Amino acid sequence: MMETRPGTAAGAATLMACPTCDALLTERQPAPGERTRCPRCHTLLRTGRGRMAEALVALALAVPPLMAVGLAASFVSLVGGGQQASASVLGAAAALASGNVWLLGLGCAALIAALPVARSGAIVYALAPALVGRAPLRGARSALRFAVRARPWSMAEVFVIGVAVAMVKLTGMAAVTVGPAFWAFALLGLVALAEDRVICPRSLWELLA
Amino acid sequence: MSVPAAVTTAREAGLVGCTTCAGAWPPSLAHCPRCAARLVSRPPSGLQPVWAWWIAGVILYVPANAWPMLITRQIGHNEQSTILGGALELAAMGSYGVAAIVIVASVVIPIAKFAAIAALAIAVHRGTPGRVGQRTTRRLVHLYEVVEFIGRWSMIDIFVVAILSALVQMGLVASISPGPAAGCFALSVAFTMLSARAFDPRLLWDAFGSAQSAEMRDEDAR
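These protein sequence lines are chains H and P, in that order.
Numbering-wise, the numbering used here puts 191 at position 191 of the first sequence, and it's gapless, one number per residue.
Numbering-wise, the numbering used here puts 105 at position 105 of the second sequence, and it's gapless, one number per residue.
Source of the hints: derived by calculation from the structure; they are not laboratory data.
Don't take every hint at face value.
Pulled from the structure, derived: some chain H residues nowhere near chain P, Cβ distances all over 10 Å [unchecked claim]:
#	residue
1	A23
2	T47
3	P64
4	A73
5	V117
6	V124
7	A130
8	A135
9	T177
10	P180
Stretch-level coverage of chain P by chain H, calculated; a stretch enters the list once three of its residues show a Cβ under 8 Å from a Cβ in chain H [claimed, not checked]:
#	segment
11	50-61
12	132-140
Which residues of chain P face chain H? A partial, calculated answer using Cβ under 7 Å [unchecked claim]:
#	residue
13	N78
14	S95
15	W153
16	M155
The model shown is predicted, which means the values in this text are computed figures rather than measured ones.
The C-beta atom is built at its ideal place from N, Cα and C for all residues, glycine as well.
Okay, chain H solo, but in the shape it has when bound:
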């Protein structure tokens, strides 16, 4: 059979197995804009993208600054009962973390802030060297696998919808206005959706070869 050593891509270009139905297929690099599907189960196998690495790194680089604004800037202001309060996500997380529901605060912080930032770091670490014509750094493949696997748990866009619902619930209690941090999170949600459109998890690995 094929003689392959870990770390080489020899033989990789000839055969592929559909991850959904295990059909053995000959591998083909789709043209830009083209999508290949498995003939047996019709699962989308690959999308041909001209500049996937560039787009992914650019989107990943947008995450840390947006997250900094999203965490530190004013998120919402409440005016009610003659009092006014303005909160940032960091302040809100600290309020949760100091109470008896610290686990909830910690979990939410991981899903909406820590994981998105860690994923963006992993994508830049893995793909940026290829963009400047250098060999991949150590652990690039692990970083990329982490970025792919952690995607469902990275929930910035789910959080934005949650915020919108919470605002509606609060309107009965206080006057609510959203601050710049809310819009930063809305942009983070859009960045996540844009990344989903750009990424082709099967073709990623050729960028590291």
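Dock chain P against the given chain H, drawing on the hints supplied.
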């Protein structure tokens, strides 16, 4: 049937398919040479992890709905609301759209997810796909993809609770804190996500194995 069934699978060809990068490799390799993911032809303990996470998710979903999700203390009186109660309150306020979002995210999606994963696992147990044909199997797989995609949106209500309790603890007119259902619900969603991920759709397609693949299975078994 629209597509000829005579497709060789990687396993029939004596290869192991990588579910991360779709490479096909000889079974002697423990890790994929291209993406370094661990190579397994089929999950070694079959559907067991799927059912284990599924049961944990279903069990936790019961207290998640029965216990209060949100506890509101407003000048003097104490108010507790469950997931469904909170959504009905929103509807009573006239915010029907938002109430619908909460009900879809917290009730419809989790229950649909439980049902879908169970249906997929039972189909594998009974070898149903082989009897109903490839088109139906394709639909089943599509169902699996939808389930995997929408599951995370169930977390909306957890974020609502977290935001409300964080904001309305700050010495305003009222105080809001999460009830015991919040943790149960968050874990139920997480466990169901893990259950869906543990499901290997290749098991569904194995029901279409040819005589040749039956021989292979015998070989595997020995």
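Discussion item. If you test the structure against every hint from before, which numbers come out violated?
Written reply: 1, 11, 13
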